[in-house]
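A.B. asks: Letter by letter, the chains look like this.
Protein chains: 2
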Amino acid sequence: MKRRDALKIFGGILGGGLLLTSSSWIADNLNASQPNKLPQLPWTYKSIDPKKAAERAYFGFYKGRCCYGAFDAIIGTLQDEVGFPFTGIPTELFVFGRSGIAETGSTCGALIGVAGAIFLLTGGVDKEKQDRAYKIIQDVFRFYEQEALPKYIPEKPKLNMQMKATVANSPICHISVSKWCAVTKFKAASKERDERCARITADCVLYALKLLEAEYKGSFKGAYPIKAKTKTCMDCHDKKDALNNTKGNMECGTCHFDGKINKTTKHPPF
Amino acid sequence: MKRRDALKIFGGILGGGLLLTSSSWIADNLNASQPNKLPQLPWTYKSIDPKKAAERAYFGFYKGRCCYGAFDAIIGTLQDEVGFPFTGIPTELFVFGRSGIAETGSTCGALIGVAGAIFLLTGGVDKEKQDRAYKIIQDVFRFYEQEALPKYIPEKPKLNMQMKATVANSPICHISVSKWCAVTKFKAASKERDERCARITADCVLYALKLLEAEYKGSFKGAYPIKAKTKTCMDCHDKKDALNNTKGNMECGTCHFDGKINKTTKHPPF
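Those protein sequences? They're chains A and B, same order as listed.
Going by the numbering used here, 19 is the number at position 18 of the first sequence; the sequence numbering is gapless.
Going by the numbering used here, 81 is the number at position 80 of the second sequence; the sequence numbering is gapless.
Hints in this document: simulated from the structure, not taken from any laboratory.
One should not assume that every hint holds.
[What the hints assert, rightly or not] The calculated label-pair distances, taken between Cβ atoms and stated as ranges, are:
hint	chain 1	residue 1	chain 2	residue 2	range
1	B	K159	A	A243	43 to 53 Å
2	A	V184	B	D132	27 to 37 Å
3	B	M162	A	G84	42 to 52 Å
4	A	M162	B	A166	40 to 50 Å
5	B	D242	A	Q41	45 to 55 Å
6	B	E214	A	D236	41 to 51 Å
7	B	A224	A	S220	31 to 41 Å
8	B	K159	A	Y217	34 to 44 Å
9	B	K52	A	G219	42 to 52 Å
10	B	K52	A	A166	49 to 59 Å
11	B	P226	A	S191	22 to 32 Å
12	A	M162	B	C237	20 to 30 Å
13	A	K159	B	K240	16 to 26 Å
14	A	P158	B	K52	45 to 55 Å
[Stated by the list, open to error] Going by beta-carbon spacing under 8 Å, a handful of chain B positions derived as facing chain A:
hint	residue
15	L42
16	Y46
17	V96
18	S100
19	A134
Since we're looking at a predicted model, the values are computed, not measured.
No residue lacks a Cβ here, since even glycine has one placed at the ideal position from N, Cα and C.
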């Protein structure tokens, strides 16, 4: 309901007597949809306590898994602290991203959750807004690829254990989980692996919040550039004036040539 | 604002005279957030015209790319035709998924867009709701992996061309695009590749709608089971009582052993 409509109703009551024939009419109109009310993206970020958000992400994992935990830790907190327009998005929507989207093992759900939150707070349809959000999201992706994770230690862990951290070299759930299982010898379907992913959900939220704070202060600088080796590949394969025959900027070596799964394959001769 | 709150306001006006000191108070409260109003997931699907939705997905691609095009074709249509609660979600949020999420080349954005929409309409936090949504989303993923795409031919194409279709064998943007470029010899950054992805966005929406219609009629059956070869791998690697050292159900052969990128690598001996 628009403000002028509200004033019209009250004007009607005051000026012309009670014209309302049913109280349900009022309630229905107060409940009406808000199709024109949503502000354009990006929606304004308000600083949130990273410690609280990390705990929310960690426990959110145990409620709705990685993608929900990550998105809810940021957007759910803004729902509580800011309200509208954040309250129109059910954070449960992001349960879709569990274990690489519906358990398919593709992109890590924690990354999808923070990517959605970062985009809502910095992005938009226009090219300029896309670029602004993407440079932040890409830095979180590379943090996930390059850092030994998890780092986060919960105050009251669900599972109190010495947690081994591994470098995923990939944003893909299947690769990230397989590497951790190979190193730690824990099963993929185990309490220990759950605990690992709950902590990584918190790690992704903590890093995303660090970048959001920086971006809103005008001091964002990505801390994780593309690796030199991947850059070399991209110089031919991803450049408009060269081969230009692929998309993306994930680490090439994880699957091609020097990665464990196919270290025997050679680059074709030039 | 809740109905009983609305009645309180009007009751106050009628019974005790005008207590309101400022009209802005009224407008602010009418605009207030609706934190308790959102229905629980899943939100009810209402049949939508697949032809119109496919065209919307196709043109949506050219507005906000794959992930936005897919999500908006379903949820944007429900915003127009149903209104609340769909209107609280800015479909532009899903621009985050462009080209495998923020152009990283991970999971195909069209898949992410339909996964989000399907989850909203069939899923929820409870295990039973998750399972219901995931079996549908997984079938769309395998449709994308196993079918030669694109199939969709727009009524008024942005680029009128004979479109070659390829089988991605993967839900990953980087792999899907690279295969198509290798077969067609078109560049990754080209109008032709844009047109290909716009059509695939429509393909994913058409197939998702087919499954949603079936699910709501109680007749859903996945048409794309896991391939026998992948099933053999999963029998050891993904089973709780066996190795249980990985996650996911993407096609194994695309990257391991018989895939082009590492066909020389052998499975370690048992």
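A.B. asks: Tell me, in ascending order, the numbers of any earlier hints that this structure violates.
C.D. replies: 1, 7 and 16
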